[in-house]
Amino acid sequence: MIAVEQLSVRAGDFQIDGISFEVPTGEYGVLMGKTGCGKTTILEAICGLKEVVSGKITLMGRDVTRLRAGERGIGFVPQDGALFATMTVRQQLAFGPKVQGWSRTEIDERVSELAEELGIESILERKPFGLSGGERQRVALGRALAVRPQIICLDEPLSALDEETHEGMVELIRSVVKQHGITALHITHSRREADLISDKEFFLEKGRLVEIRD
Amino acid sequence: MIGIAVMYLLLIGGMLMADVFYSVSNVGWEEFKAILADEYIQASVKLTLFTCTVTALLSVVVALPIGYLLSRYDFRGKALIDAVLDIPIVLPPLVVGLSLLILFNKMPPWEWIGIDGPSFEEMFGKIFGPFMPEGVDAGITYKVPAVILAQFTVAAAFAVRTMRNTFDQISPRAEQVALTLGCNRAQAFFRVVVPEAWRGISTAGTLAWTRAMGEFGPILVFAGTIRGRTEVLSSSVFLEISIGNLEGAVIVSLMMVTIAVVVLIAVRMWDQESRKKFVL
Numbered sequence: 001m002i003a004v005e006q007l008s009v010r011a012g013d014f015q016i017d018g019i020s021f022e023v024p025t026g027e028y029g030v031l032m033g034k035t036g037c038g039k040t041t042i043l044e045a046i047c048g049l050k051e052v053v054s055g056k057i058t059l060m061g062r063d064v065t066r067l068r069a070g071e072r073g074i075g076f077v078p079q080d081g082a083l084f085a086t087m088t089v090r091q092q093l094a095f096g097p098k099v100q101g102w103s104r105t106e107i108d109e110r111v112s113e114l115a116e117e118l119g120i121e122s123i124l125e126r127k128p129f130g131l132s133g134g135e136r137q138r139v140a141l142g143r144a145l146a147v148r149p150q151i152i153c154l155d156e157p158l159s160a161l162d163e164e165t166h167e168g169m170v171e172l173i174r175s176v177v178k179q180h181g182i183t184a185l186h187i188t189h190s191r192r193e194a195d196l197i198s199d200k201e202f203f204l205e206k207g208r209l210v211e212i213r214d
Numbered sequence: 001m002i003g004i005a006v007m008y009l010l011l012i013g014g015m016l017m018a019d020v021f022y023s024v025s026n027v028g029w030e031e032f033k034a035i036l037a038d039e040y041i042q043a044s045v046k047l048t049l050f051t052c053t054v055t056a057l058l059s060v061v062v063a064l065p066i067g068y069l070l071s072r073y074d075f076r077g078k079a080l081i082d083a084v085l086d087i088p089i090v091l092p093p094l095v096v097g098l099s100l101l102i103l104f105n106k107m108p109p110w111e112w113i114g115i116d117g118p119s120f121e122e123m124f125g126k127i128f129g130p131f132m133p134e135g136v137d138a139g140i141t142y143k144v145p146a147v148i149l150a151q152f153t154v155a156a157a158f159a160v161r162t163m164r165n166t167f168d169q170i171s172p173r174a175e176q177v178a179l180t181l182g183c184n185r186a187q188a189f190f191r192v193v194v195p196e197a198w199r200g201i202s203t204a205g206t207l208a209w210t211r212a213m214g215e216f217g218p219i220l221v222f223a224g225t226i227r228g229r230t231e232v233l234s235s236s237v238f239l240e241i242s243i244g245n246l247e248g249a250v251i252v253s254l255m256m257v258t259i260a261v262v263v264l265i266a267v268r269m270w271d272q273e274s275r276k277k278f279v280l
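Top to bottom, those sequences are chains A and B. My numbering numbers the first residue of the first sequence as 1 and each following residue consecutively. My numbering numbers the first residue of the second sequence as 1 and each following residue consecutively.
Okay, chain A solo, but in the shape it has when bound (with noise of 0.2 Å):
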């Protein structure tokens, strides 16, 4: 469960207050709003990537408003992917396995593992310049499941991509999510791609957050 009560986070001059939503353990949940009304901030406070000024994060039952990033057990998928430049596919998705210090028997069977459920087998050995979106966006989502985390926070993921790999990766990422019982909190600004993906709507607008599908 995602449980954000009354939270406020700054950004530079920009500050959101008061903000509280609930996601329940292993639903979908999608939050929407204008470009720059605090969507990515409230997300990165949630990975705890933001400093929060006020309020409570809880997920999965564990107060984590003070923890450290890489102790909440979230997996983050940005925007734009943002893989790391110098490392082929193959060292991206075993990138934070080897940082929480497992086996090398279990970094190949978990890069294995997913390297076939996201069709990404054939690109192992290629580092991140000429791949597609589509196939970005896979390496993005298998790194941030590298790890098995609980709760998985994507930001925009889908923004950059075509109307056909769009349609396919929208399948992808909720059948994933499904199947391994994982929370999901997703940004976007398509109403449609919330509707297909989501088991919960909220909608942030002029600093007010408000559920619009449950």
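Any given hint could be a false lead.
[Stated by the list, open to error] Here chain B is said to cover these stretches of chain A; the calculated rule only asks that three of the stretch's residues, wherever they fall, bring their Cβ under 8 Å from a Cβ of chain B:
(1) 40-53
(2) 64-71
(3) 76-88
By construction, these hints were calculated from the structure, which means they are not laboratory data. Glycine included, each C-beta is placed from N, C-alpha and C at the ideal position.
Given the structure of chain A, go ahead and fit chain B onto it with the hints provided.
Coordinates of chain B only, in the frame set by chain A:
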């Protein structure tokens, strides 16, 4: 616009070609060999290679954190720090040398507020004196450390600018992903940012190295141009001119051009290879 660009390129090419043709028409093979065999010139080459390498390494070590902080964080006084970092670039070189001489030899910071104490020069001597070989004084001014400090003061400022531009061009998103995957800030920096900044790091190092080789004003005032002791190639050119040996000065200048080109090519080749082989 193309005309202006061509004129400037002709000026650069013309400068270098003038040195080459002057040497060919005025310097005989024997004179050339004599300059290369000169023990002071050989010592000058060795000292140049040593001090420039130390300066380049120090500059990169300093430029990495400063460039990163300026690029990634906003804090009070950032604009002031940014401006201070440009001072070594805009100050007249002789003033840089004079300021270093006063700071290290004449008036350390505690004396500014009326507290008596040893100068940096004296402290350096006390710390490193016991470790020096017999007959060699430990000190800064008019010694090798002064050459390195004089080069470093200016070269590091250029390295910082290069590193800041490099980090500005690298999105912080990849580091943020690394943080969510379990890295602490240092791990994210060394595992993700440094490999992506590798090209910028090698450029900063090369720039610092070549800038250090060309430094003269601060070295003249702070380290002197003592033959065989603090003489680097830029001082050799000055010393050769001051004794009326223009031919010798031109040959040393050509040596500097050659060394700079070789360093540039070597770093570029090493950079390409290391980028190919780089595995975390």
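- Task: Go check the region 64-71 of chain A versus chain B for me, would you? Three or more residues, Cβ under 8 Å, otherwise it fails.
- Result: holds (count 3)
- Do three or more residues of the region 76-88 of chain A come closer than 8 Å to chain B, measuring C-beta to C-beta? The restraint on the region 76-88 of chain A holds, since 10 of its residues have a Cβ under 8 Å from chain B and three suffice.
- Item | Residues of the region 40-53 of chain A with Cβ under 8 Å from chain B, three needed, outcome | Holds, because 4 residues of the region 40-53 of chain A bring their Cβ atoms closer than 8 Å to Cβ atoms of chain B.
In terms of the numbered hints stated before, the structure departs from none.
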